[in-house]
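These are the residues of each chain, in order.
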Amino acid sequence: MSLLKKENVQICESADNWRDAIRISVRPLEQGGYVESCYKDGIIENVEKLGPYIIIADHIALPHARPEQGAVKTQIGITLFRQDIEFDGKETTARLFVTLAAKDNNSHLDALVQISELLSDEDKVERILKAPDVQTLYHYFERI
Amino acid sequence: MIKKILCFCGSGLGTSFVMEMNVKKALKNLGIEGVTVDHSTIDDVLPGAADLFVCSADLLPNAQKAGKAIGLNNMVAVKEIQEKLKLAFEEE
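The listed protein sequences correspond, in order, to chains Z and A. Start counting the first sequence at 81; every next residue gets the next number (the working numbering). Start counting the second sequence at 841; every next residue gets the next number (the working numbering).
One chain only, chain Z, in its complex shape (with noise of 0.2 Å):
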């Protein structure tokens, strides 16, 4: 079963802030009704109460929030911005979302030990960002 659709695979030049970010990250998931309106609102008010701890790597972030602020179906969005997304207090910034929406504590596992695997590789990440069109960034991620 895959986690990732190519419809919510996207490529955007770049947000207003880190917030605007997050909700054009969260809305290819909301559009297909994977997740409630109110998610993007948890992920923004995490992030606003514990700081950004949803970036992982230097460029990558992985926004998510708990099932109970608004999951619905366990699915995977990719945004790619072609401008650095700043947060608020952190010097790492980020260009690559890779949105979570998981339903429960552990449908979402098998695809984030693929998602790391992928990502803990420095040169894929560098190719990753340059990808120039939305087909040839789904299929960095397509086995997910």
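Since the hints were derived computationally from the structure, they do not count as laboratory data. Where a beta carbon is used, it is the ideal one built from N, C-alpha and C, also for glycine. Possibly wrong hints are sitting among the right ones.
With a straight-line cut-off of 25 Å between C-alpha atoms, the simulated DSS-like cross-links for lysine-lysine are [stated by the list, open to error]: (1) Z/Lys204 to A/Lys868; (2) Z/Lys204 to A/Lys865; (3) Z/Lys170 to A/Lys908; (4) Z/Lys183 to Z/Lys85; (5) A/Lys919 to Z/Lys170; (6) Z/Lys129 to A/Lys908; (7) Z/Lys129 to A/Lys905; (8) A/Lys865 to A/Lys844; (9) Z/Lys85 to Z/Lys210; (10) A/Lys908 to A/Lys924; (11) Z/Lys85 to Z/Lys153; (12) A/Lys843 to A/Lys908; (13) Z/Lys204 to A/Lys919; (14) Z/Lys170 to A/Lys924; (15) Z/Lys204 to A/Lys864; (16) Z/Lys170 to A/Lys905.
Selected chain A positions facing chain Z (Cβ under 8 Å, derived; list incomplete) [unchecked claim]: (17) Ser851; (18) Asn862; (19) Leu899; (20) Val918.
Just a sample of chain Z residues kept apart from chain A, beta carbon distances all over 12 Å, derived [said to hold, decoys possible]: (21) Arg103; (22) Gly112; (23) Tyr220.
Please arrange chain A on chain Z, whose structure you already have, making use of the hints.
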């Protein structure tokens, strides 16, 4: 002795799990056995809940209130995790 490691983030299912996975890899690379590694939310970060807490660098001050802790800048970089774990185990 570090026998139990708890990785945590704000929601307990994304960042924390990525850390758990890579902490396990790092322990294996270091040849350290007999340590349980789990992931959870910040609400479970209480004194005595683990011998070592692992979190993102932003959350380190929260973790240090509960006990020995390390903060990570890159949660997919096994090398960074390995170096920090090595120090933590050597201090024991």
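Here is what the structure says about each hint:
no.: 1; hint: Z/Lys204 to A/Lys868; result: holds, 24 Å
no.: 2; hint: Z/Lys204 to A/Lys865; result: holds, 20 Å
no.: 3; hint: Z/Lys170 to A/Lys908; result: holds, 23 Å
no.: 4; hint: Z/Lys183 to Z/Lys85; result: holds, 17 Å
no.: 5; hint: A/Lys919 to Z/Lys170; result: holds, 21 Å
no.: 6; hint: Z/Lys129 to A/Lys908; result: holds, 22 Å
no.: 7; hint: Z/Lys129 to A/Lys905; result: holds, 17 Å
no.: 8; hint: A/Lys865 to A/Lys844; result: holds, 15 Å
no.: 9; hint: Z/Lys85 to Z/Lys210; result: holds, 20 Å
no.: 10; hint: A/Lys908 to A/Lys924; result: holds, 12 Å
no.: 11; hint: Z/Lys85 to Z/Lys153; result: holds, 13 Å
no.: 12; hint: A/Lys843 to A/Lys908; result: holds, 12 Å
no.: 13; hint: Z/Lys204 to A/Lys919; result: holds, 17 Å
no.: 14; hint: Z/Lys170 to A/Lys924; result: holds, 20 Å
no.: 15; hint: Z/Lys204 to A/Lys864; result: holds, 22 Å
no.: 16; hint: Z/Lys170 to A/Lys905; result: holds, 22 Å
no.: 17; hint: Ser851; result: holds, 5 Å
no.: 18; hint: Asn862; result: holds, 7 Å
no.: 19; hint: Leu899; result: holds, 6 Å
no.: 20; hint: Val918; result: holds, 7 Å
no.: 21; hint: Arg103; result: holds, 18 Å
no.: 22; hint: Gly112; result: holds, 19 Å
no.: 23; hint: Tyr220; result: holds, 15 Å
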